[in-house]
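In order, the protein sequence lines correspond to chains A and B. Numbers 1 to 323, taken from the numbering used here, label the letters of the first sequence in order. Numbers 1001 to 1323, taken from the numbering used here, label the letters of the second sequence in order.
None of these hints come from the bench; they were simulated from the model. Be careful, since some hints might not be right.
Claimed, not checked - Quick list of the computed label-pair ranges, beta carbon to beta carbon: (1) P1088/B - G225/A: 31 to 39 Å; (2) R1309/B - R13/A: 41 to 49 Å; (3) E1298/B - R13/A: 23 to 31 Å; (4) E92/A - G1104/B: 38 to 46 Å; (5) G1047/B - Q108/A: 31 to 39 Å; (6) G1201/B - A137/A: 31 to 39 Å; (7) Q108/A - R1269/B: 47 to 55 Å.
Glycine included, every Cβ here is placed at the ideal spot set by N, Cα and C.
Listed below, chain by chain, are the residues.
There are 2 protein chains.
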Amino acid sequence: MGEFDLIRRFFTRDQQVARVGIGDDCAIFGAQVGYEHCISTDMLVEGRHFLSGVDPAALGHKALAVNLSDLAAMGAQPHSFLLSLGLPEADEAWLSAFSTGLFGLAQQHGCALIGGDTTRSPLTFINITVQGLVPHAGGVLRSGAQVGDDIWVSGQLGDAALGLALRQERIGLSDATLRARAIRRLEWPEPRVALGMALAGIASAMMDLSDGLAGDLPHILRASGRQAAVELDHLPLSDALRTLPRMQAFSLATAGGDDYELVFTAEPRAAARIEALADEHGLQLSRIGRILPLAAGETAQIEWLLDGRPTRFEAQGFDHFND
Amino acid sequence: MGEFDLIRRFFTRDQQVARVGIGDDCAIFGAQVGYEHCISTDMLVEGRHFLSGVDPAALGHKALAVNLSDLAAMGAQPHSFLLSLGLPEADEAWLSAFSTGLFGLAQQHGCALIGGDTTRSPLTFINITVQGLVPHAGGVLRSGAQVGDDIWVSGQLGDAALGLALRQERIGLSDATLRARAIRRLEWPEPRVALGMALAGIASAMMDLSDGLAGDLPHILRASGRQAAVELDHLPLSDALRTLPRMQAFSLATAGGDDYELVFTAEPRAAARIEALADEHGLQLSRIGRILPLAAGETAQIEWLLDGRPTRFEAQGFDHFND
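For reference, chain A alone in the conformation it holds in the complex (with noise of 0.2 Å):
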């Protein structure tokens, strides 16, 4: 099987948001009158973010995942990607699982195929750029946190990084149930698209969180001047993390990666609005602390608080060439 079979075979689908797609040297879209672009490109490398060995079908809903988790913490919506892709060989078995996971998610969201590369590499990685719409002006920006705002997160943390201790064999679990749903959680992220764009004119900031709560929310603390305190006992935990040390539990839900879920900030007064946005989606929407003034010569960063009062917590992100 060649480059271009492999092309038609297992990535060629509907393409109609782009007037010339996949074959032609780029893709052509047009605007939407009213809207600005969102584009982000996120990669996962074999062995770095991903086990070899992994379910491919899995592999390919993930890689989509987390480039359209950017775009839901713009309040985006989806509009196309790109897909590079480097593998050792051509399997077909691989591909078929592959693409079977990549465009499960993309037809669910929306968003077209509309060009790539392939190539051969000695280790597998995937590339992809996506693409998505926000109103004009418009865009949830991590610069927006305002002193007295509330922060929130979507979804439940850590389970992620409690999937990848399990597959590691680093931690143990004996209830299979709770052990498959963190599996799950680490293998088959649900980007939170829906709910992204339902926040855009009610958070004053947003971001997604990919390394950990620890390590992505000084961005937005920086991008805004800001500081915070996080009450570690608010932290949403799932049922298979509260089987766990609670220190740990808090380890993994500040540290580890993957979760995939937002953290935004809000005025108090949202808060009622908020709660029914979390009705609407069925998803846990949890206030875990409150934005600070910075004071000048203070560096931006986490207050970290344990019934109430500050706790010597240290907790680290993950940071792509420091670990």
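Dock chain B against the given chain A, drawing on the hints supplied.
Frame of chain A; chain B shown alone:
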């Protein structure tokens, strides 16, 4: 040096085309009235697309050049790009040289870096997604070649393939100047952006040559439903290629990759305008063949001519999964 330091120090420049640039979950940019967007993505993998130990400045240049070449092939004006970078380590000297090569070319074409992703990876790879603009309903596609059109190529063919053979010591060349020129064509390709834009409205079909004329021209033929006759002795060969046996030179010029020249078709009466463009752009433009009708049941292919007569010449383009 951490991931965010690395981005700040080496990859943060002026982003004026985007309302929101590097540092948020997505970049946001507005549409331009009367224009459509072109988008394309291309990756370079160590050991596959470049040799380990290559000059990082050349690599930064080339990674963007191969993408700008796709815009050139549509006749598009460069707008912006996103960079994904996988590296074994954050080596400051390497990053400094790489970013100098990258931004040197980016600035030359007014193409702003607006986003990206970096990660540690056992081998170096670079994925760039590039965006450009074409007038509404514009863009030179692969599908427009008409029977009787001339086939043209820009520049000279086969030098990059010769440069690779010289680097790998598969071919020897005693003349140091010719040798250096061929290697420069391999490592510092110049995307034909201005020429591509000038050819919009003149060329009936166009693409860029990345895998060799023998592999790439059939894409135009298939998309247009045509055949082609190409005169081997009309191929534009450099002085370096002319030092080689004639059939070896033809082979490099048709089956070697990495030329990043443009191949395009145009009505014979456009020849004078095209020759004027050659002068204007200081670039050789050569008429190498003719578009022919495709009979029912035939597959689109190239008939090679030598001294005006059909010849049995076996040239193969590069296929990333078969070679």
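Evaluated hints:
no.: 1; hint: P1088/B - G225/A: 31 to 39 Å; result: holds, 36 Å
no.: 2; hint: R1309/B - R13/A: 41 to 49 Å; result: holds, 45 Å
no.: 3; hint: E1298/B - R13/A: 23 to 31 Å; result: holds, 29 Å
no.: 4; hint: E92/A - G1104/B: 38 to 46 Å; result: holds, 42 Å
no.: 5; hint: G1047/B - Q108/A: 31 to 39 Å; result: holds, 37 Å
no.: 6; hint: G1201/B - A137/A: 31 to 39 Å; result: holds, 34 Å
no.: 7; hint: Q108/A - R1269/B: 47 to 55 Å; result: holds, 51 Å
Consistency note: the structure conflicts with none of the earlier hints.
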